[in-house]
Amino acid sequence: MPDALEVVGLHAGYGRILVVRDASLRVEPGEVVALLGSNGSGKSTLLKAVAGLLKPEAGAVRLFGKDVTGVPPERLVSNGLALVPEGRMLFGPLTVAENLALGAYATGHVQEVLERVLALFPVLSARLSQPASTLSGGEQQMLAIGRALMSRPRVMLLDEPSLGLAPRVVSDIFDVLDELRSEGIAVVLVEQDANLALKHADRGYVMRGGRIVMEGPAADLRRNDDVRLAYLGSWHGKEPTDADLES
Amino acid sequence: MSTADLLQFVASGLQNGAIYALMALGFTLVFASTGVINFAQGEFFMLGGMLVAAEVAAGVPLGLAVAGAVAATAAVGALIERFALRPARASGALTLIIITIGCSMLLKSAARHLFGPDERAVPAFSEGEPVAVAGAMVQRQVLWVVGLTLLAAVALTVLYRWTKLGLAMRACSVSHDAARIVGIDTARVVMASFALAGALGALAGAVVAPVTQTAYDVGARMGLKGFAAAVLGGLGDPVGAIVGGVVLGLLESGAVAFVSGTYKDAVALVVLLLVLVLRPQGIVGRHLGEKL
Chain A
1 MPDALEVVGL
11 HAGYGRILVV
21 RDASLRVEPG
31 EVVALLGSNG
41 SGKSTLLKAV
51 AGLLKPEAGA
61 VRLFGKDVTG
71 VPPERLVSNG
81 LALVPEGRML
91 FGPLTVAENL
101 ALGAYATGHV
111 QEVLERVLAL
121 FPVLSARLSQ
131 PASTLSGGEQ
141 QMLAIGRALM
151 SRPRVMLLDE
161 PSLGLAPRVV
171 SDIFDVLDEL
181 RSEGIAVVLV
191 EQDANLALKH
201 ADRGYVMRGG
211 RIVMEGPAAD
221 LRRNDDVRLA
231 YLGSWHGKEP
241 TDADLES
Chain B
1 MSTADLLQFV
11 ASGLQNGAIY
21 ALMALGFTLV
31 FASTGVINFA
41 QGEFFMLGGM
51 LVAAEVAAGV
61 PLGLAVAGAV
71 AATAAVGALI
81 ERFALRPARA
91 SGALTLIIIT
101 IGCSMLLKSA
111 ARHLFGPDER
121 AVPAFSEGEP
131 VAVAGAMVQR
141 QVLWVVGLTL
151 LAAVALTVLY
161 RWTKLGLAMR
171 ACSVSHDAAR
181 IVGIDTARVV
191 MASFALAGAL
201 GALAGAVVAP
211 VTQTAYDVGA
221 RMGLKGFAAA
231 VLGGLGDPVG
241 AIVGGVVLGL
251 LESGAVAFVS
261 GTYKDAVALV
271 VLLLVLVLRP
281 QGIVGRHLGE
291 KL
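From first to last, the protein sequence lines are chains A and B.
Position 180, counted from 1, in the first sequence is what the numbering used here calls 180; the numbers after and before it change by one each time, with no gaps.
Position 241, counted from 1, in the second sequence is what the numbering used here calls 241; the numbers after and before it change by one each time, with no gaps.
For the record, the hints were derived by calculation from the structure and aren't laboratory data.
Heads up, some of the hints might be wrong.
Subject to a maximum C-alpha distance of 20 Å in a straight line, what follows is the list of computed EDC-like cross-link-like pairs (lysine to aspartate or glutamate) [what the hints assert, rightly or not]: (1) Lys164(B) x Glu74(A); (2) Lys164(B) x Asp185(B); (3) Lys164(B) x Glu98(A); (4) Lys199(A) x Asp220(A); (5) Lys199(A) x Asp226(A); (6) Lys264(B) x Asp217(B); (7) Lys199(A) x Glu31(A); (8) Lys55(A) x Glu6(A); (9) Lys108(B) x Asp217(B); (10) Lys55(A) x Asp177(B); (11) Lys108(B) x Asp118(B); (12) Lys55(A) x Asp185(B).
DEER-style ranges, computed between Cβ atoms [said to hold, decoys possible]: (13) Trp162(B) x Val8(A): 38 to 46 Å; (14) Ser136(A) x Gly35(B): 25 to 33 Å; (15) Gly35(B) x Gln111(A): 32 to 40 Å; (16) Leu128(A) x Leu114(B): 46 to 54 Å; (17) Pro217(A) x Ala93(B): 45 to 53 Å; (18) Gly92(B) x Gly137(A): 28 to 36 Å; (19) Leu114(B) x Gly9(A): 51 to 59 Å.
Built from N, CA and C at the ideal position, the CB exists for glycine as well.
All chains should be built: construct the whole structure from the sequences, respecting the hints.
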């Protein structure tokens with residue numbers, strides 16, 4: 001069985017500035033893969049290139065063995081890919097119900113899917129007729145994930161779901177992530193909070209300077225001194241300094 | 001001034017207001033889905049009237065001629081999007097706006113070559129004497145103007161609120177990137193909004209032509225009025241467009257009644273300036289604060 005998502009030797013950037021160089025990764029169905037790295041390491045750019053928002057300069061993206069390199073995002077949805085973008089990109093003036101309906105725009109509305117999403121995020125049920133912009137940050141993140149689920153994706157890309165949210169809300173959202181895995185959805189999780197990401201992921205990739213510099217099972221990465229130093233904020237109890245990060 | 005006179009001015013304000021509302025809807029639909037002000041909108045109005053005049057002259061029944069003119073102008077709108085604007089999509093809104101000015105000149109010159117420089121008349125949609133409405137004598141064509149505008153507004157509301165295309169159009173008005181990641185082909189939505197703008201402009205031009213006559217060069221003036229009405233109501237807001245159109249029509253009538261007919265056309269410009277300076281979001285507009 002082919003991988004749910006396979007990225008091979010991807011180069012991507014903005015204009016003449018190459019941000020991601022030679023990045024390769026793979027995700028199996030039902031696997032949660034964390035993509036780690038500090039600010040500006042190219043995680044979000046890689047995600048955008050996979051989602052079709054950015055045309056790769058070189059390399060290939062495959063969904064279940066099918067080459068989808070450079071396919072625009074509006075056509076990737078019906079190929080089973082859903083993106084929960086950085087900053088959520090909700091339709092603020094539209095209602096929660098309309099946002100969810102738009103999630104199913106390309107693949108068709110299925111009542112059971114809507115009920116499933118509302119079961120995962122019960123707080124949304126009470127807000128269906130409210131404009132999305134009136135939701136709290138956590139509710140907006142739930143709506144963004146719910147909207148992505150409405151297209152019945154087999155691969156989901158999650159960009160910084162915990163950003164700016166209260167710890168309790170974050171843990172709710174990550175519990176849902178564990179449910180998605182059990183349903184066989186492949187998840188790529190970009191996350192600043194490496195500790196949290198590795199706790200919920202099966203495997204992880206570490207990016208630095210636009211390249212993938214390390215990969216392995218999440219448990220190994222959590223124990224790895226380099227990763228701890230650079231992204232987990234602790235190394236034998238000592239705060240990392242700039243000099244440590246450079247070496 | 002007697003009550004009857006006043007009612008007369010209100011009636012004529014409503015007639016013009018309905019036309020402005022249709023034009024403003026055209027501006028607003030395109031602006032909502034693209035962020036572009038389509039300066040060819042006035043030429044859609046001109047095409048509506050001129051095509052009906054030409055078709056009627058060629059022996060086509062009036063009803064069919066109007067439908068044909070509306071459909072043909074919708075096609076022109078779609079073609080402008082596909083072949084003039086889409087290739088330049090990556091450039092900024094200003095470039096696209098200038099392209100619409102070019103399209104407007106092209107349409108106007110083409111109309112002059114095809115239909116000639118003379119004023120053209122279009123027969124009234126229904127024969128008969130003016131009818132009395134609440135004490136004012138109203139031409140039957142004015143009832144057509146107001147009635148068809150109401151019908152178009154209702155149809156558009158249904159489309160915008162309850163259809164998949166309408167939902168996609170509203171999604172595009174928030175963010176194209178967000179629309180694309182849920183699977184909306186934004187290029188097709190933009191094309192549809194240009195076609196709709198063409199249809200609305202042509203309907204306005206066709207239905208008012210029996211009252212005012214028409215000519216190849218009526219587009220620019222009506223474009224300005226429609227734009228002022230759209231800005232008055234808040235660009236991008238369809239309800240605002242209708243309100244803006246009617247208010248502008250009534251203001252113009254008021255200026256004619258209480259000041260002088262000389263200043264009628266200046267009203268739109270004054271309104272445009274005042275709104276842009278004092279309340280750029282328009283009288284109904286509330287979109288600006290709502291975006292995420």
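Item to check | Violated hints, by number in ascending order, as checked against the structure | outcome: No numbers; nothing is violated.
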